[in-house]
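Each chain sits in its own coordinate frame; assemble them with the hints.
Listed in order, the protein sequences are those of chains A and B.
Here my numbering is used: position 727 in the first sequence is 727, and no number is missing along the way.
Here my numbering is used: position 189 in the second sequence is 189, and no number is missing along the way.
To be clear, the hints were calculated from the coordinates, so they are not data collected in a lab.
Built from N, CA and C at the ideal position, the CB exists for glycine as well.
Heads up, some of the hints might be wrong.
Claimed, not checked - Here are the in silico distance ranges between beta carbons for each label pair:
no. : chain 1 : residue 1 : chain 2 : residue 2 : range
1   : A       : Glu649    : B       : Leu301    : 26 to 36 Å
2   : B       : Ala297    : A       : Val769    : 34 to 44 Å
3   : B       : Pro159    : A       : Glu649    : 25 to 35 Å
4   : B       : Asp271    : A       : Ala631    : 38 to 48 Å
Unchecked claim - If you want the footprint, here are the derived chain B segments under chain A, 3+ residues with CB under 8 Å:
no. : stretch
5   : 221-230
6   : 270-276
7   : 311-319
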Amino acid sequence: MSGRTRLTVMAAVATVLGAVVLRPLFSTLDYLLPAFGAVAVVALVSEGCRRLALPAIAAPAASLVALGGYLVAAYAHTHALFWVIPGPAAQADLHKLVAKGFDDIAKLSPPVVAHPGLLLLTTAGIGLVAILVDFIAVGLRKAAVAGLPLFGLFVVPAAIAPHGIGAMPFLIAASGYLALLVADGRERLGRWGRPLGAGRRGDEGPALRAEVAETSPLARVGRRIAAASLGLAVVVPGVLPGVDDRPFGGNGNAAGKGSGSSSVVAINPITQLRRQLTARDNTRLLRYTSDSKANGYLRMTTLDNFDGLQWSQRELKASSDNRVSHGLPAPLGLEPTVLAGVVNVNVKVTDNFKVPWLPLPYPATQVEVKGDWRYEETTRTVFSSRTSTRGLSYHAAGLVPLVSADQLRAATNHDAEPLYTALPGGDQAIPQTILDLTEDITKSGRTAYDKAVLLQEFFQTQFKYTTDIQDGNGNDALERFLLEDRRGYCEQFASAMAAMARVLQIPARVDIGFTPGTKDGDGQVVTVHDAHAWPELWFDGIGWLAFEPTPRPDGQAKPPPYTLKAVTTPGGPRPTDQPSTAPTPGASSTPKSRIDDLAPEKLGSTKTSSSGPSGLLIAGLVGLVLLFLLALPGLARVVMRRRRWAAAETPASAAHAAWSELHATVRDLGAEWNRSETPRAIVRRLIGGLGQDTDAAGAARRIGAAEERARYARWTDETSGTGAEQLKADTSAVSAALRTAASRRTRWRALVLPRSVLAAAFHGLTGAVADVLDGVDAILAAAGRLVRRAVSPLARGESA
Amino acid sequence: MARRGEARQGTEDVAARAGEIAQAVESVIEGKPEVVRLAITVLLAEGHLLIEDVPGVGKTMLAKALARAIDCSVRRVQFTPDLLPSDITGVSAYNQERREFEFKPGPIFANFVVGDEINRASPKTQSALLECMAERTVTVDGYTYELEAPFMVVATQNPIEMEGTYPLPEAQRDRFTARVSMGYPSADAELDMVDSHGSHDPLGELEPVTDAFAVSKLIDVVRTVHVADPVKRYAVDLVTATRETPDLRLGASPRATLHLVRAARAAAALDDRDYVVPDDIQALAVPVLAHRLLPSAEASLARRSPEAVVAELLHRVPVPDAASSGRPRRTSR
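Chain B extracted, bound-state conformation (with noise of 0.2 Å):
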């Protein structure tokens, strides 16, 4: 059983790490541990975090702040309607003194990129980020260039309903691990902000608690949190719910499914466990899937949001129990 105590030795160490990126990134961002604690859950779940709230809440100071927590190459880009998408990835520019093409890699070459009103930009340029994000490649007049593991964008975006937005494509945001909205804080934690963030600056105190390197191996020990059948089937289940529910025009993709059973993964080591439980994947079925669903027009009009939708789901699947676990379930034909 030494790998058992390997992967218990892992988590233990994720679970001390991730708390102390979670208390160092909470020092900015202040009453808001749910929402940094799901951040963290996907870096280490390998995804991208895509932060969607009204401006000033602090989406970009989460963003900054996850990323000064970890010692590692940060870049920023500001989505604008003008931005192109050799922006991003690069370009291959003429050396005159060499007389060869170069290549002078974008701001995408970083561990973490935080993408500012991502849903701004155009959607040529917005689709530029889909190869890096999912393949974590970078293609340029042919040549593909790897991209640092730990890799991890972090887009911020304005509902879309404000003005000059382009909303994301279905198939962007699918490829975002899970969407996040940060909400207001609460009288407290705003006046303490107030304080802190008048008198100093957190953001540029904030020193780095962990690097780049060992956040890779934390992702690795993360890859080995065990999964069992019936909690790999619960989330197919729960997956499979969203494209059979009438209430949605568009369900989960299977990459869902895989996000949300790395997600899970992540969590159940945040919580120095090496095994997922339902519980893990109940409290990321959320933020991982309703920035993919599109709800029926029914739905729409009755102003039944597909976050609403995927919690009432929730309750409706069945959590696989002992009894059922092993065994194929008994289907109609």
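Bound-form chain A, shown alone (with noise of 0.2 Å):
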């Protein structure tokens, strides 16, 4: 095959290694296929070109028109003229599905399941990699450029894909490009010509021989540079903090929206909380003060519809009557006679937050805000679509219902919107698996509330806290949540118990919005950490209440009051004067004492107390773990004595463990110990540096005489030479002169940090990446004797 034919195979299959990088993008392989196809197109029609003598550009060019009829082929050849040529019907097709899967990217979170329209897009974007690629390495003959469209491979799932691009994809992608340079150094080397002392090796045909002799060396080289430099690629940034998560500079967490500038973080409602969640920056997204101890938490909007796959926002309305300029109306569901705190907040958002949502308590009665902020009326939803929370001060009063356990187990559930209690049905309807977990969870509550503290219950004790999982939409994830994995973040959680509560029938809806956040002087600070999703339930008479499944480990997170056992006892927190019975907007005159009384004592406590002893438990954990690690070279030193000795059985083995031995102590003293030295040698300069004392000098050169003898005498069994014994107290007394020859710093770190170990340790590191390094290029060299076995009747043929 001559080396552009090569190249030109190298460039697609890195272009289709490369598209391997996009698999956490989905959730099964199915986008691989076409972009293969897509990829061998570009690559057949650019040779094509080449063999055609055609201007460089025409390459690409023609390569662009066939994957557009690649495309069209793939996707709308129903009315296509011949499958490929688009006319005006199969142009709107191809329109729609690049709506849909644009579409489709707006709304799920990846993984996502290969739709046509996305499929559509996937392929077109590695088509036109492809076809850079193939220009760029073959065309322009630079090859090495080629990995910066091979690199916007990465871009895409390094920006979206929850957990990056994972090392197996990366290494795959990879060694694509790595392919690639080598068939370009092979071609390079090719039109220098052979170097000298290239060998004679191989059986393959005379040809192939050469081929080989000709540039595996300096391949093999390549290779491994390139294979080390890759190592360290994936290496180093899970080492280092922030740098995996911030890739291309500026603000990493900027996504979606197109919210361009790069210090503007959006808010997306579901999609995106959970990178906030995961954000290592840790931005700060408003500052508030409240007239209550008792924090609740800020929503922002409620997503009400669930379809199966996902929790969604239904479409917000407002006229300009529903201006919050103009006073909200009474929350829904919220009957007058139950009592209700009020709170009372004033909040200043940073220029880094921007969504079109104002984060608030729930339920809000007063918003006193500059712009056009609007009320939606079933949700209570404080939206605008003209300005943004940016910079924006505002204040807010909201309700605090103070409720009773008893209160909510006489209530029913059946004045809300029957979308609340609405589940999907068909493909996307619950599992058996959930409907019976959520009946086998609640069996032994009577009443709604009953069970749905049950559920709270069950998620907060059976489940961790976890923002490192898997994403994912649909059953699957939530099956795999609930019966599995056990393990999540607060979307999870959310939408689990949500659609749980929908099963037993009590309307439930999803909040967005942010727990109460840490405290800042007099005010509370949020940042995107703080960015959270729960629950809401609604019982007639009291509206929406906010339960909790999210058993998150920092605190921010607290099951309401009303939802804890010690509460939930008949008569529970009273308030004593004069309750704001008739929530009306602008209660703000409403005595807040009571809400202050609301302040969950019980979960204080319980912090303190837990926090306080565990802590110093885990900080004793720690000092042991440290203290263990820190003493490890050392033992490992001491137990790499005691096995030389054990193995001393012969004479000629306890002459090798002397010798080891002594060799170790050198090390560790850190004098030198030069591989070229015979043990005669090593011998007269330790004497050398051992001054007077002629015992140990003594000493030294009888193990240096055994090991002589041992290692290249004639070999004999019998057992004269020095016993086992008189050369371990040998080196001892070598050991310990040696030992008092060197400075007090050096003996220490001799013993704390021997290097003999760490050499070893490090030798053996080395040892097995060099394996892995040889498995490789056989497995590589291998591959390529393939590759040009099945290419080879091509090559001859341009060559005849």
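Structure (structure tokens):
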């Protein structure tokens, strides 16, 4: 195969392998096949153009046309002429698919099922990358630069996929690029001529053998260098904090909704939530002061549609009558007879936070804010289509319903919109396993409230909070979360509990907003880490009540008081004076002491009592682990010494043991131990360093002589020579003398960080790495042979 | 372990006899024990010695003293530009009485052949020595004559820059086991020399301490000295390194490896040791290897002699240790 053809093939291979990095975005590998087709079309057409000796630019142009044809054939051939020429109908088809694809991109969070629209976009993208790579690597002969379009493939999942690319897809993709570079190197080398000293080996045909001999040492070096740098590239970001999160400078959180400026954080309701929680930089979003100690959540919006795939918010519509400046209506479902406290908050939003929803306590009764902010009637979401929260200051008053467990037990759940108990049917229906689980968890509860508390308990006690989990949509993800993993973050807890509540016919929705944040002077600071989701359940006469299934370990998410056993005892906390029974707009004059009474002391106390001793315990444990780690090299040294002597059964092995022990001691003390020195020479040098210590010198000489004899003398089984005991004593004597001669610092270092152990560890590591590299070499070489064998008829045809 | 015992006994013998020879030679050549030791090593290694130095430092004296210390046949050939090959090997002359050709052996038929100023002879004559040195046979007129054992050529040569010299061809240099430079004696040694050589003739007074047969026995003992595999590999590594280093245009030949190991055996026996250690190889590497090597143009320009290159290689080539003995090393494909 000629160098150029090989380059073309390698460019195509690199692109296909590069496409592997998109794997985290899709739930299956289905997207690869059409992509492979596109790359193949591009490679064939470009190579054809080059064979016809057309101008260099012809190849990408023709490939582009061919790619278009391929896309039509693959996705819109029903209305296309001869399958590939798109008529108006086919164009409409394509347009629809593209729109659907973009819609999916906007709506779904990865990993997604590969719908045709998405596939079309992906295939087109990969095809374009293939054209670019081919043009740059083969047309322009700049294989290294062809990494740029390939890198473009990396950018997409790195920016979108919640867990980044992952090591394996990255390695696969990188090896493709590597193969391209190697092919390019060979091609260049081929033009320069054969290097001297190329051995004649291999038993393939003469032509093949020449090719192998020509480049493989160089190629091997190249592969090794590249493999090593790739290894570094994989390892280093994992070790350094804060590198992988922000791959392209600026604010890595800028995503979605076209919020172009880099300093702006746009929070889309749910797909973005997780990114906020896992973000490494803790951008301040807003600061607020509240007149209540019991700070509640600040809600932005509500997701009330559940289609089995995901929760989404209804379309927010509001007439100009619904401007918040005109006042807000009475909260839905909250009977005037229910006691409620009032909380007043003053919020100052930073410039980093730009969303169309106003974070407010729920239910808000009064909002004083500049700009055209309106409320949606059913959800009470306050939003703006004209302006955003960026830099905004506003005041809001909200109600805190003071309800007891008894009240809630007595409440029914019929008055909510039917939407809130709607569950998807058909394909997206909740699986029986989850129905059974829900039934199982809540069977001891008599009322809807009891069942809801049982659900919350189920999540709080049986689950672990983590942001480090596989993302996904739909029932598979729900099932996995509920039945297998039992770990996740707030969005999953909230969605799962809301869905299960709906299974129990309790109206439920998912709220998106913020936890109270952290205390900062007289107010609270909310950062991206405080982004939160929680379920709200409907109780007739009381309306929407928040529940908290998320066992967030940082204390940011606490189950509300009315869901706690301690508070659900009959009576409960009861406001004593002047409760605001009629929540009306502008009820800020209502005393706030009630709410403060409600501050969950119980929780507070458990928190301190648990963090005190366990904190100490953890500190102690960490200390112990650290101590152990510190002592580890020294301990390893002792173990190695024991093992050496334990292996000393014959005079020869005793000599070797004494010698390697001496070696280790010398290394530990940082002295020189040259591998080109004979035992005799080493002993001579050591004795020189020992000064007047003649006993030690004699001992060292004995050890050296024993080792020399063991290594080089005629093998005998006679037990003459220095005995193991003598050698052991000699070794101790020499080691002691060497240590005495060394400085105090060196002695300590030898004790704590023995170089011999570190070197052995390093040696083991490099050995393992070398083995892996050798394996990779072998595989690459074998693959290269296979490819050559497969394409050699082609090459012969060309050279003929 | 009878064999080991014998070898042990043998090396004791070798060490003792060699000590006597060395003492005898040193009574003539003062202040050069290491040169004397190397000469004896080469003798026991069945090799040939090339002594190179400026005139007047005792090259010929050393050769003669060594020959005298051993009671055996000694011939001396003074190489001159007009020397013919037959002057060394001998000629077939027609015997009128017997009416047949009769072989008149040349000076090469002796236990010790001292070739003085060998590089003054023409290359043709020099090469006449080749067969004798390597194969220990002489072929004249189709007849091949065996040389006596022990057989050792001790050649002296002046540095090639001197006038009227022909450089020894590589092939011939390769046949010498070792090359040694006498070097000027120290001031004290020179003073002693003036005393001793002024008043009497030490060489003439030198009594043989052993004979050819005894030396043959010693050589037999040397052959039994054990060379462990790691040591052999070390020798090979070292020689291979001379072929691979960019400082040398011509590395050492496989014959050099053989000579190195043989000389190391002799050196071990001289130390009363029945096995070779890498130290023996290291001590002999420069005298055994350096004269066979040709420095590359760069090394010549940098005035790096082959001796310096070999010494540097000694610092680079690792000594095989217990871990690497008996196991093939990891080599790259």
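Quick rundown of the hints versus the structure:
no.	hint	verdict
1	A:Glu649 <-> B:Leu301: 26 to 36 Å	violated (56 Å)
2	B:Ala297 <-> A:Val769: 34 to 44 Å	holds (39 Å)
3	B:Pro159 <-> A:Glu649: 25 to 35 Å	violated (57 Å)
4	B:Asp271 <-> A:Ala631: 38 to 48 Å	holds (47 Å)
5	221-230	holds (count 3)
6	270-276	holds (count 3)
7	311-319	holds (count 6)
Hints 1, 3 from the list above are not met by this structure, while the remaining hints are.
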